[in-house]
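Enquirer: Sequence:
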Amino acid sequence: MVPSGQLAKKQEPAEPGPDPELKSWRCLVSYLCFYGFMAQLRPGESFITPYLLSPDKNFTREQVTNEITPVLSYSYLAVLVPVFLLTDYLRYTPVLVLQSASFVAVWLLLLLGRSVLHMQLMELCYALTMAARIAYSSYIFSLVRPARYQRVAGYSRSAVLLGVFTSSVLGQLLVSAAGVPFSTLNYVSLGLLSGSLVLALFLRRPRRSLFFNRDAAASELARMNPAAARGAWRAWTPARMLRELGATARSPQLRLWSLWWVFNSAAYYLIVYYTHILWNVVHPTAGSASVYNGGADAASTLLGAISSFSAGFVKIRWALWAKLVIAGVTVVQAALVFLMYSSSDIWLCYAAFVLFRGVYQFLVPIATFQIASSLSKELCALVFGVNTFLATVLKTIITLIVSDKRGLGLPVHSQFFIYFVYFLVLFGVYLLGALVVVVRHFRDGRRAPQPPELSPAEEKAMQPLDAQEQSLQPEAKA
Numbered sequence: 005m006v007p008s009g010q011l012a013k014k015q016e017p018a019e020p021g022p023d024p025e026l027k028s029w030r031c032l033v034s035y036l037c038f039y040g041f042m043a044q045l046r047p048g049e050s051f052i053t054p055y056l057l058s059p060d061k062n063f064t065r066e067q068v069t070n071e072i073t074p075v076l077s078y079s080y081l082a083v084l085v086p087v088f089l090l091t092d093y094l095r096y097t098p099v100l101v102l103q104s105a106s107f108v109a110v111w112l113l114l115l116l117g118r119s120v121l122h123m124q125l126m127e128l129c130y131a132l133t134m135a136a137r138i139a140y141s142s143y144i145f146s147l148v149r150p151a152r153y154q155r156v157a158g159y160s161r162s163a164v165l166l167g168v169f170t171s172s173v174l175g176q177l178l179v180s181a182a183g184v185p186f187s188t189l190n191y192v193s194l195g196l197l198s199g200s201l202v203l204a205l206f207l208r209r210p211r212r213s214l215f216f217n218r219d220a221a222a223s224e225l226a227r228m229n230p231a232a233a234r235g236a237w238r239a240w241t242p243a244r245m246l247r248e249l250g251a252t253a254r255s256p257q258l259r260l261w262s263l264w265w266v267f268n269s270a271a272y273y274l275i276v277y278y279t280h281i282l283w284n285v286v287h288p289t290a291g292s293a294s295v296y297n298g299g300a301d302a303a304s305t306l307l308g309a310i311s312s313f314s315a316g317f318v319k320i321r322w323a324l325w326a327k328l329v330i331a332g333v334t335v336v337q338a339a340l341v342f343l344m345y346s347s348s349d350i351w352l353c354y355a356a357f358v359l360f361r362g363v364y365q366f367l368v369p370i371a372t373f374q375i376a377s378s379l380s381k382e383l384c385a386l387v388f389g390v391n392t393f394l395a396t397v398l399k400t401i402i403t404l405i406v407s408d409k410r411g412l413g414l415p416v417h418s419q420f421f422i423y424f425v426y427f428l429v430l431f432g433v434y435l436l437g438a439l440v441v442v443v444r445h446f447r448d449g450r451r452a453p454q455p456p457e458l459s460p461a462e463e464k465a466m467q468p469l470d471a472q473e474q475s476l477q478p479e480a481k482a
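The sequence shown begins at 5 in the working numbering and counts up one residue at a time.
Since the hints were derived computationally from the structure, they do not count as laboratory data. Heads up, some of the hints might be wrong.
With a straight-line Cα cutoff of 20 Å, these simulated EDC-like cross-link-like pairs (lysine to aspartate or glutamate) come out [claimed, not checked]:
| # | residue 1 | residue 2 |
| --- | --- | --- |
| 1 | K409 | E71 |
| 2 | K61 | E71 |
| 3 | K409 | E66 |
Simulated DEER-style distance windows between Cβ atoms [what the hints assert, rightly or not]:
| # | residue 1 | residue 2 | range |
| --- | --- | --- | --- |
| 4 | S34 | L177 | 26 to 32 Å |
| 5 | N62 | R444 | 57 to 63 Å |
| 6 | K409 | A151 | 51 to 57 Å |
| 7 | G413 | A82 | 17 to 23 Å |
| 8 | H287 | S28 | 49 to 55 Å |
A virtual CB, placed ideally from N, CA and C, is assigned to each residue, including glycine.
Construct the complete structure from the given sequences, taking the supplied hints into account.
Expert: Take a look at the structure:
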């Protein structure tokens with residue numbers, strides 16, 4: 005017999021203890037944001053092209069434009085999908101370690117490499133770091149509950165932007181104010197990146213991921229009952245998401261913003277890749293004191309952050325005006341690319357590039373919200389992954405035709421003219437689509453039946469009915 009007092013104690017519900025997630029998420033998120041900030045501290049990045057063209061490396065402009073830089077697009081296309089899958093399967097932290105190690109390899113090859121092949125291998129390592137960005141952006145969501153997603157996403161993005169801005173300003177100050185040569189700047193970058201690699205080694209590995217490692221009990225049940233496993237295949241997350249993706253692809257807004265993401269970001273990143281080469285053509289420099297690439301990158305990062313923040317306050321009927329807004333932004337991009345192509349003033353080129361990045365970043369959060377607003381978290385990740393992959397394919401095709409020496413092998417000025425025409429064509433397509441939508445809207449508005457106009461006598465006759473309805477409203481509420 006158990007004493008009644010002990011029985012009562014056993015029957016009492018246990019008091020809820022402290023929630024480990026509530027207790028530790030601030031520390032985990034803070035550490036991850038600090039890592040994200042430190043991983044961006046690469047003050048030599050804005051000066052890689054001048055460094056490759058300097059007497060330290062002595063590569064020709066044709067080698068950098070048509071043999072070295074195109075490898076970045078090819079490598080990124082090759083590693084994007086494998087890294088995306090490994091990120092989820094390995095649960096983020098190993099891929100973040102790989103990203104930090106790849107950054108270290110990039111700067112080791114920059115400092116020690118002497119041949120075109122070494123620099124092409126450097127671009128491959130840099131492509132790995134770009135593909136691994138998905139690990140940082142998705143890892144933070146595994147640390148907290150869904151109610152905190154929006155807040156921690158803002159923290160992580162702010163940390164990255166602050167790191168990029170600090171890195172660009174630091175690099176420019178070291179070059180212009182302290183007269184630090186490019187090689188020393190790269191040694192500073194290598195030391196800072198080695199520190200971020202050490203930080204990555206201490207990141208906590210989450211228990212679950214987005215697609216894989218979701219439920220260990222489900223896999224155990226599948227081993228016990230293979231028939232049930234075959235029947236549950238349709239409920240498997242990737243299979244279910246593919247079916248949902250086919251259904252949601254019918255949404256006009258989803259198609260519009262996904263196509264914008266694919267076509268605009270492909271050209272955007274090509275311009276980002278090649279603009280430093282263009283600056284060296286417009287303003288060839290033998291020394292480092294007169295190169296202001298870091299200042300331009302810092303200004304463009306700051307303007308991008310401001311425009312991204314301001315986009316959150318734009319309130320319009322996107323179903324009606326989205327194509328017109330996209331057309332307006334695209335024609336501004338075309339004008340800025342033409343200014344970079346035609347100007348012989350380096351300061352105009354800097355200003356055009358800063359504005360170009362700013363207007364692109366203005367539409368990125370809008371496109372993100374428009375795509376993600378009607379999708380689940382898993383499906384949203386899949387849609388963004390597909391959009392990024394298609395944009396990378398398009399970017400690779402353009403690179404192969406325009407930049408690679410096996411294609412046209414055009415000089416950088418001619419490439420920017422082609423990008424100008426590209427944006428001009430996009431503007432024409434979006435403008436035509438916007439005009440069709442607006443004309444159809446106003447035409448349908450005229451055809452919509454209007455309520456009949458009442459005579460004064462009819463209005464007077466309706467007044468007692470209105471009074472009766474008002475008198476009944478409190479009764480209904482009661």
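Enquirer: Which of the numbered hints are not met once you compare them with the structure shown?
Expert: none
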